[in-house]
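K.L.:
If you want the building blocks of each chain, they are given just below.
Protein chains: 2
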Amino acid sequence: MAVNPPELMPALPVPGFRAGTASCGVKSPDMKGKRQDVALIVSDVPCHAAGVFTQNRFRAACVKLGEQTISKSATEMRAIIANAGNANAGVGDMEQQWSEELIAAAADAAGVDAARVLSASTGVIGTPFPIKRIQDGMHEAADSLQPDNWETAANAIRTTDTFAKWASRKVGDHTITGICKGSGMIHPNMATMLAFVATDAPLTAEQLQPMLKRVADRSFNCISVDGDTSTNDTLYLLSSGIGLGHAPMADTAAYEDALAELCIELAQLIVRDGEGVSKFVTIHVTGAASENDARTVGRAIAVSPLVKTAFAGSDANWGRILSAIGNSGVDIDTGKITLKADAVTMLKDGNLRPDYKDEEGMAVFAKDEFTLHVDLGLGDSAATVWTGDLTHEYIVINAEYRT
Amino acid sequence: MAVNPPELMPALPVPGFRAGTASCGVKSPDMKGKRQDVALIVSDVPCHAAGVFTQNRFRAACVKLGEQTISKSATEMRAIIANAGNANAGVGDMEQQWSEELIAAAADAAGVDAARVLSASTGVIGTPFPIKRIQDGMHEAADSLQPDNWETAANAIRTTDTFAKWASRKVGDHTITGICKGSGMIHPNMATMLAFVATDAPLTAEQLQPMLKRVADRSFNCISVDGDTSTNDTLYLLSSGIGLGHAPMADTAAYEDALAELCIELAQLIVRDGEGVSKFVTIHVTGAASENDARTVGRAIAVSPLVKTAFAGSDANWGRILSAIGNSGVDIDTGKITLKADAVTMLKDGNLRPDYKDEEGMAVFAKDEFTLHVDLGLGDSAATVWTGDLTHEYIVINAEYRT
Chain A
3 MAVNPPELMP
13 ALPVPGFRAG
23 TASCGVKSPD
33 MKGKRQDVAL
43 IVSDVPCHAA
53 GVFTQNRFRA
63 ACVKLGEQTI
73 SKSATEMRAI
83 IANAGNANAG
93 VGDMEQQWSE
103 ELIAAAADAA
113 GVDAARVLSA
123 STGVIGTPFP
133 IKRIQDGMHE
143 AADSLQPDNW
153 ETAANAIRTT
163 DTFAKWASRK
173 VGDHTITGIC
183 KGSGMIHPNM
193 ATMLAFVATD
203 APLTAEQLQP
213 MLKRVADRSF
223 NCISVDGDTS
233 TNDTLYLLSS
243 GIGLGHAPMA
253 DTAAYEDALA
263 ELCIELAQLI
273 VRDGEGVSKF
283 VTIHVTGAAS
293 ENDARTVGRA
303 IAVSPLVKTA
313 FAGSDANWGR
323 ILSAIGNSGV
333 DIDTGKITLK
343 ADAVTMLKDG
353 NLRPDYKDEE
363 GMAVFAKDEF
373 TLHVDLGLGD
383 SAATVWTGDL
393 THEYIVINAE
403 YRT
Chain B
3 MAVNPPELMP
13 ALPVPGFRAG
23 TASCGVKSPD
33 MKGKRQDVAL
43 IVSDVPCHAA
53 GVFTQNRFRA
63 ACVKLGEQTI
73 SKSATEMRAI
83 IANAGNANAG
93 VGDMEQQWSE
103 ELIAAAADAA
113 GVDAARVLSA
123 STGVIGTPFP
133 IKRIQDGMHE
143 AADSLQPDNW
153 ETAANAIRTT
163 DTFAKWASRK
173 VGDHTITGIC
183 KGSGMIHPNM
193 ATMLAFVATD
203 APLTAEQLQP
213 MLKRVADRSF
223 NCISVDGDTS
233 TNDTLYLLSS
243 GIGLGHAPMA
253 DTAAYEDALA
263 ELCIELAQLI
273 VRDGEGVSKF
283 VTIHVTGAAS
293 ENDARTVGRA
303 IAVSPLVKTA
313 FAGSDANWGR
323 ILSAIGNSGV
333 DIDTGKITLK
343 ADAVTMLKDG
353 NLRPDYKDEE
363 GMAVFAKDEF
373 TLHVDLGLGD
383 SAATVWTGDL
393 THEYIVINAE
403 YRT
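So the sequence lines, in the order shown, correspond to chains A and B. Read in my numbering, the first sequence has 266 at position 264, and its numbers run on one by one without any break. Read in my numbering, the second sequence has 179 at position 177, and its numbers run on one by one without any break.
Okay, chain A solo, but in the shape it has when bound (with noise of 0.2 Å):
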């Protein structure tokens, strides 16, 4: 039931890279041949490379292991290889070793160097991975290795999505084409569940990774849908304009802004189809004293279950969102909050409008896309953040997610 998910425009080919699957039955074997769940992405010149990362203390090997390979081969990575249907998360000891297991699967299967792949997996936490399975398969992913195979990519990576997530952007000569998946367990706080994004655009190693923490910042660290943060949140770009020799690009801003769009595109699919989500809700915090202040209190907004359960029923209960501002530990003055739905103002510096009707708010709440408004009245900082509602649809799903 996701809300007016948009008719997505075909995803790009990148130059450089290409893209294939496989059906490996990942949760359970009977799923074999029947859904795409294993995703092969390669770059057919070294690529440089960035990643944000969980901010989960539990974090799983893939997660631990693709940081260590960013760091050491940032300007040569060959490839990504990502599952869905398990995590490899929470299984102690054995966790590590199947996640290099994995990678040299794919870097057999791709004709690469194991130590420049990196990888994700997705899916339930604390079930044995099926390393067996996945390398079976792995000869089918690299078989259907192509350029053009970004929307068969976005479909494997799904657990509880219900559409696949793609986006693509031209900047000048280059092109941004995204992929990711992310539906419950959805609070980034660095990344969201799984997002690759690959451009031919030449930029360095040294500027990608600033770059994509930047643009992380702005797209999936303000989006949330049940304020759990995974153990497997994982971001990373590739770009293999450098490899494929051209110039390292000397002004990037234009580049950072069209990677921040596509990335918000992303993000928001994200929310729209967030588990159970029947409303999309952004949320502007303006007149905050840092950008960080304005984060903080749209994501206390965003993952209060009763500002989310208010969303749900439509009412305006507009004394719960100052409650979840209240408990956001930002230091605020309440005689200053304005708030507003879309285009009714609630409150003005602190008080209730006078003539404000329960009506006029309740009218907003009762769409399935709107704005919440929230001016701190302290400072110039800005920051938006997406929403859902939280809904009996939720609770079926994550109290069945394994059955």
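Treat the hints with care, as some may be off.
Which copy? The list can't say, so a pair holds if one copy fits it or any two copies do.
Unchecked claim - With a straight-line cut-off of 16 Å between C-alpha atoms, the simulated EDC-like cross-links for lysine to aspartate or glutamate are: (1) K342 with E371; (2) K338 with D95; (3) K369 with E9; (4) K350 with D95; (5) K66 with D335; (6) K342 with E361; (7) K66 with E361; (8) K342 with E293; (9) K342 with D110; (10) K66 with E103; (11) K66 with D360.
Hints in this document: simulated from the structure, not taken from any laboratory. Keep in mind that this is a model prediction, so the values were computed, not measured.
Starting from the known structure of chain A, fit chain B onto it as the hints suggest.
P.N.:
For chain B alone, kept in the frame of chain A given last:
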């Protein structure tokens, strides 16, 4: 649908104190005469007092005034006036005036100095406070003041609570009786929604305040229903012993233990009556580097929507518990964590028990009460936290709270 609410023992009268109630139609005029919604607690002698309050930055006026009153008159307190149905919070400039008028009306009816009266309000946030209706009913509350009226008072402060909550203890010759309310927006950070404890033990304000803080940290601060901290959380402790002529108690250790027991009992009643809660789960965290770390880990598990929906679904999805631990922000060593549900060991030193069968965990999670044991393997500190599950019913209650 409370979880195994125990049959409560009668609330014992406390020498020096009387309680009365009134039906004022606070939430709506047509409820007048239908349910009690105002409670007045009066001390016949000046009593010593302590309070702990919400850490939400959006603190209601009654909280701010209460803190001031405690700081000025902690040795000569005379009354608490409380109401359900309207929190008098988030309503802007009028809030403080309404709280002062509430206190003035109670002081007048009880024949005491308004500077020695505490107030507490609970209910809907952001709706103008019906001060006139409460003023009109105040003499009804004063006229009904009786030493044995605690249970009626507990009933009068209910909002979505399905049963009234009280507890009593005898400590030597002295009595402690407490009442509380709370059911949603429960993630106290200092105290719970509302709890008032009276005792005739001769304790000075200097003894009471630090003791109450320690006790709150072991009781009300260790429960969570939905992770939302209210704007109005308040816990008051009043002691009439000094005013009744007793010499101050020298050794307070046994008394503090009894007070903690009583507050834990009250706090657990709140969880059992949590909105939509169908399971009562105890989370016992050991092996932590500090008690604060242990409590932080316990609370992180207790608030995770994914853990709580797994409880609701009787799904022993322990991977989500690990993920919640990883999200707590506490430094952990994933290779040292041991996890048990009741007597069933799942993880030992970070590894899944080789012969663990999902059915074993499922059998525990299917119960309506069970205990998770988390050992961090890092130190000697421990804490216990109590929580419930996240069910359809929670959504129903909170999506439709105001309607």
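K.L.:
The structure should be examined with respect to each hint, and the outcome stated for every one.
P.N.:
Hint check results:
When the C-alpha separation of K342 and E371 is checked against a cutoff of 16 Å, the pair qualifies only within one copy, where the shortest distance is 14 Å, while the shortest distance between copies is 43 Å. Taking the shortest alpha-carbon separations for K338 and D95, only the inter-copy value of 11 Å comes in at or below 16 Å, while the best intra-copy value is 53 Å. Taking the shortest Cα distances, K369 and E9 never come within 16 Å of each other, neither inside one copy (20 Å) nor across copies (45 Å). Proximity of K350 and D95 under a CA criterion of 16 Å is satisfied inter-copy only: 11 Å between copies versus 56 Å inside one chain copy.
Taking the shortest Cα distances, K66 and D335 sit within 16 Å of each other only across copies (14 Å), while inside one copy they are farther apart (41 Å). Only within a single protomer do K342 and E361 lie at most 16 Å apart by alpha-carbon distance; the minimum there is 14 Å, versus 50 Å between protomers. In this homomeric assembly, K66 and E361 never come within 16 Å of each other (Cα to Cα): the closest approach is 51 Å inside a single copy and 31 Å across copies. In this assembly of identical chains, the alpha carbons of K342 and E293 never lie at most 16 Å apart, being 20 Å within a copy and 42 Å across copies at closest.
Taking identical chains as interchangeable, the C-alpha atoms of K342 and D110 are never at most 16 Å apart, the minima being 56 Å within one chain and 40 Å between chains. In this assembly of identical chains, K66 and E103 lie within 16 Å of each other by CA distance solely inside one copy; the values are 15 Å within and 60 Å between copies. Taking identical chains as interchangeable, the C-alpha atoms of K66 and D360 are never at most 16 Å apart, the minima being 50 Å within one chain and 28 Å between chains.
Taken one by one, the earlier hints fail for this structure at numbers 3, 7, 8, 9 and 11, listed in ascending order.
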